[in-house]
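2 protein chains.
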Amino acid sequence: MSDRYASFVQSGAGRALVKRLGLPDPPRLRRYAPGEPILPGPVLLGSASGGRLTEPVGRILAAAGLALRDPATAVPDPTTGRTPDSAALVYDATGITDSTGLRQLYDFFHPQARAVQPSGRVIVLGTPPAECAGTREATAQRALEGLTRSIGKEFGRGITAQLVHVTREADESTWTSLEATLRFLLSGRSAYVSGQVIRVGAGQATAPVDWERPLDGQVVLVTGAARGIGAALARVLARDGATVLALDVPAAGDELASVANEIGASAVQLDLTAADAPTRLAEYLAGRHGRVDVVVHNAGITRDKTLGRMDADRWNQVIDVNLSSQERINDLLLERELIPAGGRIVGVSSIAGIAGNRGQTNYATSKAGVIGLVDSLAPALRERRISVNAVAPGFIETRLTARIPLVVREAGRRMNSLAQGGLPVDVAETISWLAWPASGAISGNVVRVCGQSLLGA
Amino acid sequence: MSDRYASFVQSGAGRALVKRLGLPDPPRLRRYAPGEPILPGPVLLGSASGGRLTEPVGRILAAAGLALRDPATAVPDPTTGRTPDSAALVYDATGITDSTGLRQLYDFFHPQARAVQPSGRVIVLGTPPAECAGTREATAQRALEGLTRSIGKEFGRGITAQLVHVTREADESTWTSLEATLRFLLSGRSAYVSGQVIRVGAGQATAPVDWERPLDGQVVLVTGAARGIGAALARVLARDGATVLALDVPAAGDELASVANEIGASAVQLDLTAADAPTRLAEYLAGRHGRVDVVVHNAGITRDKTLGRMDADRWNQVIDVNLSSQERINDLLLERELIPAGGRIVGVSSIAGIAGNRGQTNYATSKAGVIGLVDSLAPALRERRISVNAVAPGFIETRLTARIPLVVREAGRRMNSLAQGGLPVDVAETISWLAWPASGAISGNVVRVCGQSLLGA
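Same order as they appear, the protein sequences are chains B and S. Note that the first sequence covers residues 1 to 457 in this note's numbering. Note that the second sequence covers residues 1 to 457 in this note's numbering.
It is worth saying that the hints were derived from the structure and are not from the lab. Please note that a few of the clues may not be correct.
Which chain B residues face chain S? A few, computed with CB under 8 Å, are given here [to be verified]:
#1 L307
#2 W315
#3 N357
Chain B residues, not near chain S, derived (Cβ > 10 Å throughout) [claimed, not checked]:
#4 P26
#5 P37
#6 T54
#7 R69
#8 A74
#9 P84
#10 T97
#11 S99
#12 A252
#13 D254
#14 G287
#15 G290
#16 A355
#17 A402
Ranges between beta-carbon positions, derived for each pair [claimed, not checked]:
#18 S:E255 to B:G81: 37 to 45 Å
#19 B:R157 to S:K305: 14 to 22 Å
#20 B:L332 to S:P27: 21 to 29 Å
#21 S:A257 to B:D107: 48 to 56 Å
#22 B:P40 to S:E283: 55 to 63 Å
#23 S:K305 to B:N261: 51 to 59 Å
#24 S:R399 to B:D107: 31 to 39 Å
#25 B:R288 to S:D304: 55 to 63 Å
#26 S:Q317 to B:R309: 49 to 57 Å
#27 B:A380 to S:A62: 34 to 42 Å
#28 S:P27 to B:R52: 51 to 59 Å
Glycine included, C-beta positions come from ideal geometry on N, C-alpha and C.
Working from the sequences, and respecting the hints, build out all of it.
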């Protein structure tokens, strides 16, 4: 086996695969720090002819203080043949109404492909295929996904690529949420998000007074806040200006108190699977603030076993904690109107919920259910102007993954376009973005935070 | 690197991953041969309480000559503790209307998990979440996907697992197409299809006189028929009773003639990218049979290069052959009404079209476009009762893949639940099933033929 592996490593075409599985020096990702500019360099904004988003996006980027590169300077130098680097490429592809028009993508991206800075960004803007005027346009718009996902796998050096679908029925909230999305995607907040399709619709979105405090005045409940991703999330939400209600089971009380004290949050000890938990939570929220603007269902457990060896408790606990208890809480908080218009619900799914996983029939079922919850609750709450989204983390460095044997862990870390595992803060930043009042016109999305993992369905 | 790999191979939990990447003895898959029974053993049919499909599916399975196991015999032997093997587990989950009801899945599958024969089948029947009565039901139905995808990854030994969504507005055509789907999925025809979600709707489906000749009397056009998957497809379609029109470029004329002669097909030499190709093809079809019941757009090319090194010809050719020319042909054949009511269009996408791929921005864009074509054309043609679907092959053993360096090829072969590459016949069988008149109520599906590849989006 070892010899076979050695020849694999040394084979020409093998190197590309090995690079992903065992790269010794993965790129250092640009991450967000308060006060820093969104991007360390200029944005090149391109457009297919007839694009409807070029003008509003140009305005948004300029208002956000980003430097737009003059397209005349984004051409190869006649002496060196090199195109000057951009920190981001943003391309309005909404003008492409037929597959023959896809050629415009090539014309824009081919000369820029090697002129993007490390940890740079590629964002393609499109129209949701379901909103397209005819089959030719819908086909061409759907084709964009193949381009962005390939760019994410190809460009390397920490560069991410996304497709952002913007509704044709844009209202003021659409532009606010598009600004929130561009600020998130262009900044280091989205360091570990790549290869995603994000839909910005209409709804109720409110721009913050200060984009450095996008959650100012917002009451945010986070479950499972004592440790791991939940603790990182509580910190990011507090940094972004939220009033955080940090909830966890009584057994994690000490850790929870420590997180809550650190960030000035309220600690809430509650076992969410208890029969009276929804009522007790609703009463707490009603008494404390009279409302909760954002509910983040971060609490989740694993109880892995292959199905033949799994006892019923393992099945029941995982389904109950990860899915059923969250449904009971949503339903009661909604029934008592504790989540106001413009509120947000954010769930946590998983790659296992998308692709399934060996030894995780219970977990994957619960996490696929979270996707179902987003898909079904988002349209049901449109009238009430409450958004529902989820994140789906990939390989994230936590206490759980630290226990995986070294080499399996290394493989898991490498099997993505960024050649490394993500950090809890990467998931937290993505949840925070979905929790912003400015993101209210984004609903029904499941956004993977996986470095564009190779794994999927 | 070698030592690290060796410790990887020898580590406890590492073995599971290695098993997939380098298994020395992948299971021998059961494949279809005319005259053989659909399954080599009995089917165990289970049901969640209140399931609406148990009765019709029981009738379909009995009519297809399958032996239904008495549930009383599908329990552990009191002496040995072993449950007798079934060749297939079929479970009607449509009665699950809340996540708490998911427990019924555990109750059925847990005792059967180690009692499925090699190359056996697991099929879960559900309701499309979009048709569910409320968010609780939609959530629970969506959760089924996590279960079937995990079972596909967990059961091993050539066992496949699928989720089949059956419309609530079932008509006679729905039952015919459900029968076609169950016959396909239970038989060796679906050897390399696993982890899929297949939607059976309403429409126009016609059961064959003889299920061994499901394409009897049907005129089927296959492009790219001279070699590889296309040649295998021409053979399978002819075996299934079709009148095959085998098309390829003039340069492949000799190979095309050889395939056509072998199966009694008509050879059609035509460059589909030529400006007059749609007209010439329409005239040929009008003159020959006055119609074409099925069009299979199998012709496709790759011209791999990273985007920065790709010349414009590579981009244009791939988009034109794989996407634009197919749109021009569809549109003209539909305009001239050469595809009758009940007709079928089948395209070929790719995992690259789903997940993107390094060095394939052109190919992935074209193949994502094929998914867009299916998504948009299927509803547009519902009124005319013409179905539109596609297959998305994974790692298939062809002349192209034979050129990949050994160890990379081995990795590609192993990174799926069946631990091996598929054969061209596996793709051909899947396309043929979608081409059957009995499958007419299946539309808007993209079915992967990838052995449940780990790769995805």
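Do the hints match the structure? See the list:
{"no.": "1", "hint": "L307", "in the structure": "4 Å, holds"}
{"no.": "2", "hint": "W315", "in the structure": "4 Å, holds"}
{"no.": "3", "hint": "N357", "in the structure": "6 Å, holds"}
{"no.": "4", "hint": "P26", "in the structure": "16 Å, holds"}
{"no.": "5", "hint": "P37", "in the structure": "27 Å, holds"}
{"no.": "6", "hint": "T54", "in the structure": "21 Å, holds"}
{"no.": "7", "hint": "R69", "in the structure": "18 Å, holds"}
{"no.": "8", "hint": "A74", "in the structure": "14 Å, holds"}
{"no.": "9", "hint": "P84", "in the structure": "15 Å, holds"}
{"no.": "10", "hint": "T97", "in the structure": "12 Å, holds"}
{"no.": "11", "hint": "S99", "in the structure": "5 Å, violated"}
{"no.": "12", "hint": "A252", "in the structure": "24 Å, holds"}
{"no.": "13", "hint": "D254", "in the structure": "31 Å, holds"}
{"no.": "14", "hint": "G287", "in the structure": "27 Å, holds"}
{"no.": "15", "hint": "G290", "in the structure": "25 Å, holds"}
{"no.": "16", "hint": "A355", "in the structure": "6 Å, violated"}
{"no.": "17", "hint": "A402", "in the structure": "14 Å, holds"}
{"no.": "18", "hint": "S:E255 to B:G81: 37 to 45 Å", "in the structure": "43 Å, holds"}
{"no.": "19", "hint": "B:R157 to S:K305: 14 to 22 Å", "in the structure": "19 Å, holds"}
{"no.": "20", "hint": "B:L332 to S:P27: 21 to 29 Å", "in the structure": "49 Å, violated"}
{"no.": "21", "hint": "S:A257 to B:D107: 48 to 56 Å", "in the structure": "40 Å, violated"}
{"no.": "22", "hint": "B:P40 to S:E283: 55 to 63 Å", "in the structure": "60 Å, holds"}
{"no.": "23", "hint": "S:K305 to B:N261: 51 to 59 Å", "in the structure": "56 Å, holds"}
{"no.": "24", "hint": "S:R399 to B:D107: 31 to 39 Å", "in the structure": "33 Å, holds"}
{"no.": "25", "hint": "B:R288 to S:D304: 55 to 63 Å", "in the structure": "59 Å, holds"}
{"no.": "26", "hint": "S:Q317 to B:R309: 49 to 57 Å", "in the structure": "52 Å, holds"}
{"no.": "27", "hint": "B:A380 to S:A62: 34 to 42 Å", "in the structure": "40 Å, holds"}
{"no.": "28", "hint": "S:P27 to B:R52: 51 to 59 Å", "in the structure": "52 Å, holds"}
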